[in-house]
Amino acid sequence: VQADQIEAAVGTLERMLLIAPKEPLLWLEAGGHYARLGNLHSAIEAAERCRGLAGDERLRQRAETLLQELKGKLN
275 VQADQIEAAV
285 GTLERMLLIA
295 PKEPLLWLEA
305 GGHYARLGNL
315 HSAIEAAERC
325 RGLAGDERLR
335 QRAETLLQEL
345 KGKLN
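Going by the numbering used here, the letters in the sequence shown line up with residues 275 to 349, in that order.
Fair warning: there could be bad hints in the mix.
Claimed, not checked - Calculated pairs, SDA-like style, for lysine to any residue (alpha carbon to alpha carbon, straight line, at most 25 Å):
1. LYS347 - GLN335
2. LYS345 - GLU288
3. LYS296 - GLU343
4. LYS347 - ARG310
5. LYS347 - ALA328
6. LYS296 - GLU338
7. LYS296 - LEU314
8. LYS345 - ARG325
9. LYS347 - LEU327
10. LYS345 - ARG323
11. LYS347 - ASP278
12. LYS347 - GLY326
13. LYS345 - GLU281
14. LYS347 - GLN279
15. LYS347 - LEU314
16. LYS347 - LEU299
17. LYS345 - ALA309
18. LYS347 - LEU333
19. LYS347 - GLU288
20. LYS345 - ARG310
FYI, nobody ran anything at the bench for these hints, they're computed from the structure.
All chains, please: the whole structure from these sequences, using the hints.
Now the structure itself:
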């Protein structure tokens, strides 16, 4: 990500999600990166997955904020 290789970062996150599909923070990060790539539908799906899995209220709120931003871009 620091080298602005978002596609490579997404690939890494997707592999990590295969190993840990119930890790909400990975879904949130994937959602943010999908959004940077312009893939809003995948970003929304990832943020929704994070929101559903998050046991921590702060993480759930971050996912909700991302969802609102993404849905606003769709309109």
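Status of the hints after comparison with the structure:
1. Distance restraint check for LYS347 and GLN335: the Cα-Cα separation of roughly 19 Å lies within the 25 Å cut-off, and the hinted pair is therefore satisfied.
2. For the proposed pair LYS345 and GLU288, the alpha carbon gap of about 22 Å is at most 25 Å, so the pair holds.
3. Pair hint LYS296 plus GLU343 holds up; C-alpha atoms about 23 Å apart against a cutoff of 25 Å.
4. For the hint pairing LYS347 with ARG310, the CA-to-CA distance comes to about 12 Å; that is within 25 Å, so the pair holds.
5. Only pairs whose Cα atoms come within 25 Å are accepted, and LYS347 paired with ALA328 is accepted, the gap being roughly 24 Å.
6. A threshold of 25 Å between alpha carbons decides the hint, and for LYS296 with GLU338 the separation of about 17 Å falls inside it, so the pair holds.
7. Proximity of LYS296 to LEU314 is assessed by CA-CA distance (about 21 Å); at most 25 Å being required, the pair is judged to hold.
8. Pair hint LYS345 plus ARG325 holds up; C-alpha atoms about 15 Å apart against a cutoff of 25 Å.
9. Distance hint between LYS347 and LEU327 is fulfilled; the C-alpha atoms sit about 24 Å from each other, no more than 25 Å.
10. Annotation: proposed proximity of LYS345 to ARG323 holds, straight-line Cα distance about 15 Å (limit 25 Å).
11. Distance hint between LYS347 and ASP278 is fulfilled; the C-alpha atoms sit about 22 Å from each other, no more than 25 Å.
12. Of the supplied pair hints, the one linking LYS347 and GLY326 holds, its CA atoms being roughly 22 Å apart against a limit of 25 Å.
13. For the proposed pair LYS345 and GLU281, the alpha carbon gap of about 22 Å is at most 25 Å, so the pair holds.
14. Among the hinted pairs, LYS347 with GLN279 is consistent with the structure: their alpha-carbon atoms are about 23 Å apart, no more than 25 Å.
15. At most 25 Å may separate the alpha-carbon atoms for a hinted pair to count; LYS347 and LEU314 meet this at roughly 8 Å.
16. For the hint pairing LYS347 with LEU299, the CA-to-CA distance comes to about 22 Å; that is within 25 Å, so the pair holds.
17. With a C-alpha separation of about 11 Å, the suggested pair LYS345 and ALA309 falls inside the 25 Å cut-off, and the hint holds.
18. Proposed proximity of LYS347 and LEU333 is supported: the alpha carbons are some 21 Å apart, at most 25 Å.
19. With a C-alpha separation of about 24 Å, the suggested pairing of LYS347 with GLU288 holds against the 25 Å cut-off.
20. At roughly 14 Å between alpha-carbon atoms, LYS345 and ARG310 fall within 25 Å of each other, so this suggested pair holds.
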